[in-house]
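Engineer: Protein chains in written order, with my numbering: chain D, 593 to 726; chain V, 8 to 286.
These are calculated hints, taken from the structure and not from any lab test. Some hints could be false.
[Unchecked claim] Stretch by stretch, here's where chain V covers chain D in the computed footprint (C-beta under 8 Å, at least three residues): (1) 627-639; (2) 658-664; (3) 700-706.
[Claimed, not checked] Chain D residues, not near chain V, derived (Cβ > 12 Å throughout): (4) Ala677; (5) Val682; (6) Asn696; (7) Met711; (8) Gly719.
Since the model is a prediction, treat every value here as computed from it, not as a measurement. The C-beta atom is built at its ideal place from N, Cα and C for all residues, glycine as well.
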Amino acid sequence: MSSKSSPTQTETSLTNVAVISSSDADDPAFASLGASLVEIRKMNGVLGYIIRGNSSAAFDLAEGDKITQFAFLSYQLCESCLEIAKQLSVATIESALVEGKSLNVLFVNVGENKISVFMEKNIDHSGILKRVLI
Amino acid sequence: MTEVSSPNSSSTPLQTILGEFRNISPETTKAVIFKEDGEILACNEGDTAKDRAKNLAAAFDEIANHSEVIGGVENLTIQGVNSQINVTTTNGRYLATVSSRMADEKRVKALTFVVLPTIIKLMDQIVPSEPENEPTDPPNSEAEKEKETTKPPEEPKHTEQLSNPHRMLSEQNFPKPPVNQFMVEKIAGLLVASDMVRVDADIVAKWVDLYGDREISQVNVETLEGRSVRCKFRPVREADSKAKGIIQIPERILQTLRLVEGKLVIVKPVIPTEWEEKR
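Assemble the whole structure, with the sequences as input and the hints as a guide.
Structural biologist: Listed below in structure tokens is the structure:
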């Protein structure tokens with residue numbers, strides 16, 4: 593798990609979870625989603641997640657050395673899905689599933705928080721989606 | 008299903024397929040097939056803006072560019088409040104569909120991620136092999152006895168085609184084999200192969216023009232009573248000018264078809280598919 597800190601950022605490590613947040617961040621939705629994701633992370637076949645809010649982010653990934661690649665993909669997934677939805681006149685995105693050749697990624701848009709859950713291909717993403725949205 | 012912005016050799020079948028999408032899954036409100044450069048190959052809605060397709064392709068590619076960590080992107084499904092978008096790419100072409108969340112998800116995914124990519128792959132195998140010009144039956148002089156007629160594509164006698172869907176799909180995309188009617192002439196002699204007919208050389212030349220690289224080695228000879236046989240053929244010697252409109256058939260094949268000299272038969276070239284050629 594990578595760890596960085598700066599004057600404007602604080603980082604705490606809760607078990608395997610790395611949280612990066614601005615010093616004045618206090619987002620109950622983010623905290624609630626983070627708690628759900630910690631539980632989801634325990635499921636077989638779930639390889640990790642990234643959650644990104646307005647002022648905070650957290651991740652827990654099995655392959656910590658690939659955090660940069662996962663983070664880029666997560667960000668790009670959000671941006672591209674918004675663009676595709678705009679081009680096809682779909683107003684609001686709730687979720688997206690990218691089926692990769694080796695892994696799947698579930699993207700969930702909950703208000704200001706963008707979540708990416710990385711999982712093996714045989715995992716039922718709809719069950720994870722329900723758990724995120726509860 | 009109305010518009011195709013840039014029809015080409017492969018767009019018409021794709022347009023037809025998209026039309027079927029709406030029949031199979033009426034909840035699919037939009038479907039568009041486009042290339043990376045924004046060229047729209049088929050679309051089931053009026054708006055066929057090239058920029059839009061280009062932006063769609065770029066957005067999908069951006070995900071694909073960052074997807075090495077998951078082994079590359081196969082499919083993308085985006086769920087909105089009331090709609091869902093499916094995007095996939097096959098052989099440099101993209102398919103995007105928008106359907107209602109009420110749609111049968113399995114059906115939409117099967118159409119988007121399985122049926123169409125398969126058809127595109129098949130078309131890619133077939134289209135480059137097609138001759139550039141559509142088949143046109145050249146006019147024949149009145150002196151010639153042959154008359155060319157187009158038969159319906161269904162030929163129930165050839166039940167072997169039904170057992171091979173790949174071949175059926177391939178042949179549906181070929182130019183229709185020209186159908187020629189010939190008068191039967193019996194041929195005999197020591198040097199006459201018993202399993203080979205001889206066909207007017209001009210007609211054979213037209214087949215070669217029509218099908219280019221594909222080696223035609225057999226013809227289908229069918230009597231007016233419906234009996235048919237597939238056999239090898241060769242052109243009649245050019246010196247024999249009487250061969251116009253004539254097919255020379257050896258005794259053995261005449262017996263098989265229960266034919267006698269002077270009867271009319273229908274002759275079609277047998278066009279080998281790529282699948283057959285590789286066998």
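Engineer: Since glycine 719 of chain D was said not to touch the interface, does its Cβ keep a gap of more than 12 Å from each Cβ of chain V?
Structural biologist: Nearest chain V Cβ is 15 Å from glycine 719 of chain D, so the label holds.
Engineer: Minimum C-beta separation from methionine 711 of chain D to chain V exceeding 12 Å: can you confirm that?
Structural biologist: Nearest chain V Cβ is 10 Å from methionine 711 of chain D, so the label is violated.
Engineer: So asparagine 696 of chain D supposedly isn't at the interface. Is its beta-carbon more than 12 Å from every beta-carbon in chain V?
Structural biologist: violated (7 Å)
Engineer: Just double-check alanine 677 of chain D for me: nearest Cβ-Cβ distance to chain V has to come out over 12 Å.
Structural biologist: Not fine: 6 Å to the nearest Cβ puts alanine 677 of chain D too close to chain V.
Engineer: Tell me if chain V covers the region 658-664 of chain D under the three-residue, 8 Å CB rule, please?
Structural biologist: holds (count 4)
Engineer: Taking the minimum C-beta separation from valine 682 of chain D to chain V, is that value above 12 Å?
Structural biologist: violated (4 Å)
Engineer: Can the region 700-706 of chain D be counted as covered by chain V under the rule of three residues or more with Cβ-Cβ separation shorter than 8 Å?
Structural biologist: violated (count 0)
Engineer: Checking C-beta pairs, does the region 627-639 of chain D have three or more residues closer than 8 Å to chain V?
Structural biologist: It is violated, with 0 qualifying residues against the three required.
Taken one by one, the earlier hints fail for this structure at numbers 1, 3, 4, 5, 6 and 7, listed in ascending order.
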